[in-house]
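J.: Here's the letter readout for the chains.
2 protein chains.
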Amino acid sequence: MTASRQLHLGAILSGVGTTQNGWLHPDLPGDASVNIDWYIDNARKAEAAKFDLVFIVDSPYITPDTAPHFLNRLEPLTLLSAVATATSRIGLAGTLTTSYWEPFNVARQFASLDLISRGRAAWNVVTTGLEGAARNYGREEHFDHKLRYARAREFVDVVQGLWDSYEDDAFPRDKANAVFLDKGKQHPLNHQGAFFSVAGPLNIQRSPQGQPVIFQAGESEQGRALGAAIAEGIYANAESFDQAQEYYADVKRRATALGRNPDHILILPGLIPIIADTDEEARAIEEEQNGKLDLNKALVQLGRPFNYHDFTQYDLDAPFPDVSHLSLNSYKGRAERIIRTAQRDNLTLRETAWRFAARANPFVGSPKTVADEIERWFLDGASDGFNLRVTNPADFAIFVDRVVPLLQARGLFRTEYAHDTLRGHLGLPFVQNRHARAAPAAIAAE
Amino acid sequence: MTASRQLHLGAILSGVGTTQNGWLHPDLPGDASVNIDWYIDNARKAEAAKFDLVFIVDSPYITPDTAPHFLNRLEPLTLLSAVATATSRIGLAGTLTTSYWEPFNVARQFASLDLISRGRAAWNVVTTGLEGAARNYGREEHFDHKLRYARAREFVDVVQGLWDSYEDDAFPRDKANAVFLDKGKQHPLNHQGAFFSVAGPLNIQRSPQGQPVIFQAGESEQGRALGAAIAEGIYANAESFDQAQEYYADVKRRATALGRNPDHILILPGLIPIIADTDEEARAIEEEQNGKLDLNKALVQLGRPFNYHDFTQYDLDAPFPDVSHLSLNSYKGRAERIIRTAQRDNLTLRETAWRFAARANPFVGSPKTVADEIERWFLDGASDGFNLRVTNPADFAIFVDRVVPLLQARGLFRTEYAHDTLRGHLGLPFVQNRHARAAPAAIAAE
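Line by line, the protein sequences are chains B and G. The opening residue of the first sequence carries number 306 in this note's numbering; numbering runs sequentially from there. The opening residue of the second sequence carries number 306 in this note's numbering; numbering runs sequentially from there.
I should point out that these hints are in silico values taken from the structure, not numbers from a laboratory. The reader is advised that the hints may include incorrect statements.
When the alpha-carbon atoms are kept at most 20 Å apart in a straight line, the in silico EDC-like pairs for lysine to aspartate or glutamate are as follows [claimed, not checked]:
| hint | chain 1 | residue 1 | chain 2 | residue 2 |
| --- | --- | --- | --- | --- |
| 1 | G | K490 | B | D370 |
| 2 | G | K597 | G | D332 |
| 3 | B | K488 | G | D332 |
| 4 | B | K480 | G | D370 |
| 5 | B | K602 | G | D479 |
| 6 | B | K602 | G | D487 |
| 7 | G | K480 | B | D336 |
| 8 | B | K490 | G | D370 |
| 9 | B | K488 | G | D336 |
| 10 | B | K597 | G | D479 |
| 11 | G | K355 | G | E721 |
| 12 | G | K480 | B | D370 |
| 13 | G | K350 | G | D370 |
| 14 | G | K602 | B | D479 |
| 15 | G | K480 | B | D487 |
| 16 | G | K602 | B | E593 |
| 17 | B | K480 | G | E593 |
| 18 | B | K355 | B | D725 |
| 19 | G | K602 | G | E592 |
| 20 | G | K490 | B | D336 |
| 21 | G | K488 | B | D685 |
| 22 | B | K557 | B | D685 |
| 23 | G | K488 | B | D370 |
| 24 | G | K480 | B | D332 |
| 25 | G | K597 | B | D479 |
| 26 | G | K480 | B | E593 |
| 27 | B | K490 | G | D342 |
| 28 | B | K480 | G | D599 |
| 29 | G | K602 | G | E656 |
| 30 | G | K355 | G | D370 |
| 31 | B | K480 | G | D332 |
| 32 | B | K480 | G | D473 |
Based on the provided sequences and hints, a complete structural model is requested.
T.: And the structure:
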């Protein structure tokens, strides 16, 4: 840990919000998820607060019962390209699945976003949890969980290979001598792998940060292995300090074992703080929110990581049902955590639904209490920062106005941007082009 | 022809330009193709001139010898999303191939651009001419020409079906009664076709213009048939008035035969005017430009529609070679036109290369001469407007400052936008949702 180590903060922008009832908040425009002005306004607020990045989650499959934001929303790449020219410093992270895209198209669109934003793009790599997505893409069955992760690994390799199609000085653009391209600095990829064959070269140069940042989110064995191998940022779960600390240590250990610098894989748990003047008031707000929860919606939410398994068929007051017959091919890590928690704590189905609907929240209290807990997670090996998951303007404002200044006073968060690129904000190095010859500095040192 | 019929003008924005030497112009920044500010600036100029739309061409395959713009450039969807929030009225047309994308992703991104721009998106449907593209997408061989067009037809059907996933009033967003979605107005597609199986529904609502406008460009038999069936705008070739008139009549006839309103398929030939104070000066500029052409680059350009066939292997001063052994699976219509022209006019290979490098240009002269020729094409059944293909700022400015006012004075072009959507500008009707019940007006008339 260096003296200058600081928190990294992301703001998840999700329109009307990813829960079933969040859209009912009186301050939230009902069309927030399809209104580009809403996104631009919130990205500018996050930039004014010196956040590292905004983050767009995604899913390519819906049913009539899907939560409002996912039912009807802007697509991440087009959305972030529009936000790019309305902002100047904040990073732009978009989610896109490796299961139903072509690597060439993905490489091209993120590289384009990276140039449009002048080095602020990140790709959150997901494999898609919901099995129904397959039928939107010509397949009867979703790829098996293990296969999805193997494909994702190769997919990212291909994309990163395409991103190095041109060395950074490939384009002299010398009009006097009529030399646009230095042809020796254009490199085809000629990838032939288990899942993809891609010749290249990509038709776009690199950005001021070299390559877009790679984010990932995965709790399962395969998810952690993929994250340790490829991720530079991880959007993690924040159920409790202990769970976060175990995850943090495990992923950093795995990355180190792969020869990576563990400081170059930043772990940012989701943060949904409930903040009020006093701890008592904040607790009261939490209780009121939980009191408004609807059991049927909680059961739908519980079923989602099990590929929308119907939990209403079981006795609510019997122990959490045996679901060992389910394939757990969807959001496997989350489903496993639910089963594990229910068994460990001897929960009934009803209790399990409430537990996960109410989302055990470690960040409830006064601004000082929340800042203290953030500091504890940051200093005691549970996180490198957080991805703020609030939907309502007031919830964002109270965090920015009352918690962030405390973190800044403690030297834990920047008061001004020191860099122009997302890699700069995150303390990640510029990605050297794999084809570049030894840098002049190295040659001079010989 | 109605009294109010007016020209439609598009501006093709292509950075440093799609020719080999265009980037050498002293007024053109060498990085124009990867500089979003360049695109925003030029889109705003086209909007200030009241153009209907800007147009982005595309190709997903390059070699070291590809023309500068295609070597290194922003991707159309991300580019146009960034331009969308920097403009307010002008239409935004982007090219995307049906050969190497998933319909669900294409439907989603164009729908998102359509919402971001508040009803100004258009999709230029292409099938990709260059066979090498296949190897960027896991295929050894490019789809056969006929197969490409069959796939394109079904692809567009699927995309348009997905665009109607929600009826226009599907989202009451009624907070008082907690009704976000009217579930009866969400419609899966359940498409099962020869090439694609897509269940839907799409996770995004329709825009103020109902659906994005469909553009297409195709000269071959299959290209014309597809355009007549699906296109609402066609980016056509403008070699000569006679050729344009034949094409215009043929495509309108085909569309009419399919039961379509021929006024709802607008034909916009490419326009590369050479304008000076007098006709003599303009002719002199044309001759000077042609004098600068390089025979080797002309031969590369000649080979492109033949999938970059190497024409340097033949005797330059013998008759145009027999290329009947080539499959013409690339830009088939253009290749056929080159062969036809060379045979008809008994051209040598050298003469053929010059003829197509120099691009026989019907629009050379004083502002009045060019305006007269535009008017003749428009009134005598050769076009519904034009897609302006100039790269240099001065060439755009002279057209806007000296030709457009003449067209406006003759009542042939708008002096102010009368609509907010691209369909409005083009005189195309709002696309009714296929699932909507009879409109109230129709019910009232019974």
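J.: Does each hint hold? Answer for all of them.
T.: Do the hints match the structure? See the list:
| no. | hint | in the structure |
| --- | --- | --- |
| 1 | K490(G) with D370(B) | holds (13 Å) |
| 2 | K597(G) with D332(G) | holds (18 Å) |
| 3 | K488(B) with D332(G) | violated (24 Å) |
| 4 | K480(B) with D370(G) | holds (17 Å) |
| 5 | K602(B) with D479(G) | holds (18 Å) |
| 6 | K602(B) with D487(G) | holds (17 Å) |
| 7 | K480(G) with D336(B) | holds (12 Å) |
| 8 | K490(B) with D370(G) | holds (13 Å) |
| 9 | K488(B) with D336(G) | holds (17 Å) |
| 10 | K597(B) with D479(G) | holds (18 Å) |
| 11 | K355(G) with E721(G) | holds (6 Å) |
| 12 | K480(G) with D370(B) | holds (17 Å) |
| 13 | K350(G) with D370(G) | violated (31 Å) |
| 14 | K602(G) with D479(B) | holds (18 Å) |
| 15 | K480(G) with D487(B) | violated (60 Å) |
| 16 | K602(G) with E593(B) | violated (73 Å) |
| 17 | K480(B) with E593(G) | holds (19 Å) |
| 18 | K355(B) with D725(B) | holds (12 Å) |
| 19 | K602(G) with E592(G) | holds (18 Å) |
| 20 | K490(G) with D336(B) | holds (17 Å) |
| 21 | K488(G) with D685(B) | violated (47 Å) |
| 22 | K557(B) with D685(B) | holds (14 Å) |
| 23 | K488(G) with D370(B) | holds (9 Å) |
| 24 | K480(G) with D332(B) | holds (11 Å) |
| 25 | K597(G) with D479(B) | holds (18 Å) |
| 26 | K480(G) with E593(B) | holds (19 Å) |
| 27 | K490(B) with D342(G) | violated (26 Å) |
| 28 | K480(B) with D599(G) | holds (16 Å) |
| 29 | K602(G) with E656(G) | holds (14 Å) |
| 30 | K355(G) with D370(G) | violated (36 Å) |
| 31 | K480(B) with D332(G) | holds (11 Å) |
| 32 | K480(B) with D473(G) | violated (52 Å) |
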